[in-house]
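Enquirer: With chain X's structure known, arrange chain Z on it following the hints.
The lines below spell out each chain.
There are 2 protein chains.
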Amino acid sequence: MKGTANAPEVIEVENGSIVTPKGFKAIGIYTGVKRKRLDLGAIFCEVPASSAAVYTTNRIQAAPLKVTKESIMKEGKLQALVVNSGNANACTGEKGLEDAYEMRSVSAEHFNVPNHYVAVTSTGVIGQYLPMDKIVPGIQQLQPEATIEAAEAFNEAILTTDTIKKMVCYQTTIDGKAISVGGVAKGSGMINPNMATMLSFVTTDAVIEPSVLQQALSEITNQTFNSITVDGDTSTNDMVVVMASGLAEHETLTPAHPEWNGFYQALKLTCESLAKKIARDGEGATKLIEVQVQGAVNDEEAGKVAKKIVGSDLVKSAVYGADANWGRIICAVGYSGCEIDPDTIDIAIGPIQTLVNSQPVVFSEEEATAYLKDEETIKINVDLKIGNGTGKAWGCDLTYDYVRINAGYRT
Amino acid sequence: MKGTANAPEVIEVENGSIVTPKGFKAIGIYTGVKRKRLDLGAIFCEVPASSAAVYTTNRIQAAPLKVTKESIMKEGKLQALVVNSGNANACTGEKGLEDAYEMRSVSAEHFNVPNHYVAVTSTGVIGQYLPMDKIVPGIQQLQPEATIEAAEAFNEAILTTDTIKKMVCYQTTIDGKAISVGGVAKGSGMINPNMATMLSFVTTDAVIEPSVLQQALSEITNQTFNSITVDGDTSTNDMVVVMASGLAEHETLTPAHPEWNGFYQALKLTCESLAKKIARDGEGATKLIEVQVQGAVNDEEAGKVAKKIVGSDLVKSAVYGADANWGRIICAVGYSGCEIDPDTIDIAIGPIQTLVNSQPVVFSEEEATAYLKDEETIKINVDLKIGNGTGKAWGCDLTYDYVRINAGYRT
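Taken in order, these protein sequences are the chains called X and Z.
Residues 1 to 411 in UniProt numbering are what the first sequence spells out, letter by letter.
Residues 1 to 411 in UniProt numbering are what the second sequence spells out, letter by letter.
Isolated chain X, as found in the complex (with noise of 0.2 angstroms):
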């Protein structure tokens, strides 16, 4: 989905959210489902807003993507967004699914909007039926703002086990008029590609159509969401929305559009960004592995073998142990079903160069572990050397603390 132009510049926005484009207002609030977190979030635009969303690949799916699915291919259009954390409602039969159903209009009539302007979500505990005793007045109660404060009760609004806030916003200038992208995140376990728990929110002003906006985001998630690997676990439940108010008013944005790169960049930025943070926090992680393949038959075997490299739990966990440990690389590369030969791959990590044509160079040990304890971002370089491919993918360390959560956690 190139353009005809070169990118515009395209800049993050300091303090930016999911309310610095214009139109846009969020809202989190305490019901009760959660103990203690806050557990239901709203965003509201002030016109209908061009949306897109794709949504988890696994087979088994949750009541609201149901929902939402239905809102959003109506019309292309949404209004309203709602979203509890604490109760997946997933699994949940009939009953679920007029649950959401009841999330949805109960949501429609508070912002007296149509029922299909209205997108519902959930995250949280599998298999348990919504408490609609909390979920309904809480709804009604719902009142959004356009402040900093406001996007990021919203975003605290749909955490689980995450440890930081997700927000990120990029600007960029199009037909002399700024547009923002801005976008929140929440997802730490069960992070895998196509869709893991995560769901992410995308507000933007540009002025876009709804299959245009559509498939820039299916084009997008694919290098980014679909990217990053916590666990492998794809959940019940993901879906990234992005909504576009139109309000920054500049001529209708196609690929044909000469600052159309600028647009796409900022979409992509934006949720490069927000899936990067999800990795970074993964479950336990206490740092952020990207993995960056070259020299493949084409991008789609680099992403493939970068994906298997950085969701080895060997490799993940020599990470954590500071261990430059190239033999749990290579051997991911080679079962990654991708097309390689077994002869010519180099393997760096950070700075170290580690393999040369599949074959071990000296390096130096304290200098491995040295980059491996020191930085935060663990850079992971393989060349195939038998094309031109490239690919990235992102994920974590794997620790003690993974699985302690996970021995514990219900989901």
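Honestly, the hints are just simulated from the structure, not real lab data.
Careful: at least some of the hints might be erroneous.
Which copy is meant is left open, so a pair is good if it fits within one copy or across any two.
[What the hints assert, rightly or not] In silico EDC-like links for lysine to aspartate or glutamate, alpha-carbon gap of 20 angstroms or less:
#	residue 1	residue 2
1	K74	E209
2	K34	D133
3	K379	E366
4	K392	E367
5	K95	D341
6	K36	E12
7	K34	D299
8	K69	D343
9	K95	D343
10	K66	D343
11	K66	D341
12	K95	D346
13	K276	E156
14	K276	E375
Expert: Below, chain Z alone, put in the same frame as chain X:
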């Protein structure tokens, strides 16, 4: 490869081992490749034995695998098998291949058999050259014996992070003559379907042609060694080798032999028992997990679903935490990529039914926790109710110790 008649009785032999079948001797010694434990072993057959093998599916294959393949391909016979632990001779390029050939020729000379009657293999650290100054004199000291102590020494010599020895023997009767199948294995981390860091060597005195043996082994491997997973990693060095001395002197076995099923079952039980021992001894594991899936569209899909469940870090952590978390089980079913009906899934954890038709049923959490705490083997039963396919897979729980072991050990 079903036979034409019912299976004769197959019984486990107490204190049976790889030297129980007629014609076999074994030994394990210390050469200093490892710091302390035995690290070099051999199995020797007094006659050329019909042989078959399966190898890792990892595209990166260690040098000794290439040499062993070459040996077996020539005539389908082996007389000696020499293994070292402590060094995998993987990712060692031309020099590594030369070393593996030398390991073979020194062994051939020592045992006074042709080169192609010798299999060699190595397990341990990747990317370091074999210390031939220890391996060569080590081989020259190998004096195999037909005692259980010698078989145990062999077993010890092939271990890496294993905590228990893995040995088993079954007997049955063919044409009125007792035949035995004995097996030994190593492997605890990097274990995944399709041959992970595991080695297994099986001996038998049955009379069978190499090609028939190969077909039986390939089939059985899929249902046993390829149905276990510890951490999803598939190593560069794994193989299973079967040697059949033919000294039981019954009629040559083929699937048309009336007692074929007895042999097939003895071989399958040997492999299944070793596979389960490997899974149970997964790095840091405290429990064996056995997942049985029924009602899939076919056996292959049932096996795939079973392996996805048993391979889920979240399921493994939940078992470790004694948490009857069926949500994670159904989630793994959903992302298995197999055909399912999202509304017809039943899940039981041991004797406790937790889900019927994809909806939770009330069960005693207390009883469930007690089952998960008290049992050595945790059974998970999933019925997809869309077909007649059945399959099993084995794995282990994910514990703090897995992380501890793998944050430190340089494989």
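Enquirer: Hints first: check each against the structure and report whether it holds.
Expert: Now for the hints, and whether the structure bears them out:
{"no.": "1", "hint": "K74 with E209", "result": "within (14 angstroms within a copy, 66 angstroms between copies)"}
{"no.": "2", "hint": "K34 with D133", "result": "within (13 angstroms within a copy, 64 angstroms between copies)"}
{"no.": "3", "hint": "K379 with E366", "result": "within (17 angstroms within a copy, 45 angstroms between copies)"}
{"no.": "4", "hint": "K392 with E367", "result": "neither (24 angstroms within a copy, 46 angstroms between copies)"}
{"no.": "5", "hint": "K95 with D341", "result": "between (53 angstroms within a copy, 18 angstroms between copies)"}
{"no.": "6", "hint": "K36 with E12", "result": "neither (33 angstroms within a copy, 57 angstroms between copies)"}
{"no.": "7", "hint": "K34 with D299", "result": "neither (42 angstroms within a copy, 42 angstroms between copies)"}
{"no.": "8", "hint": "K69 with D343", "result": "between (47 angstroms within a copy, 19 angstroms between copies)"}
{"no.": "9", "hint": "K95 with D343", "result": "between (57 angstroms within a copy, 13 angstroms between copies)"}
{"no.": "10", "hint": "K66 with D343", "result": "between (48 angstroms within a copy, 14 angstroms between copies)"}
{"no.": "11", "hint": "K66 with D341", "result": "between (44 angstroms within a copy, 16 angstroms between copies)"}
{"no.": "12", "hint": "K95 with D346", "result": "between (54 angstroms within a copy, 18 angstroms between copies)"}
{"no.": "13", "hint": "K276 with E156", "result": "within (18 angstroms within a copy, 44 angstroms between copies)"}
{"no.": "14", "hint": "K276 with E375", "result": "within (15 angstroms within a copy, 40 angstroms between copies)"}
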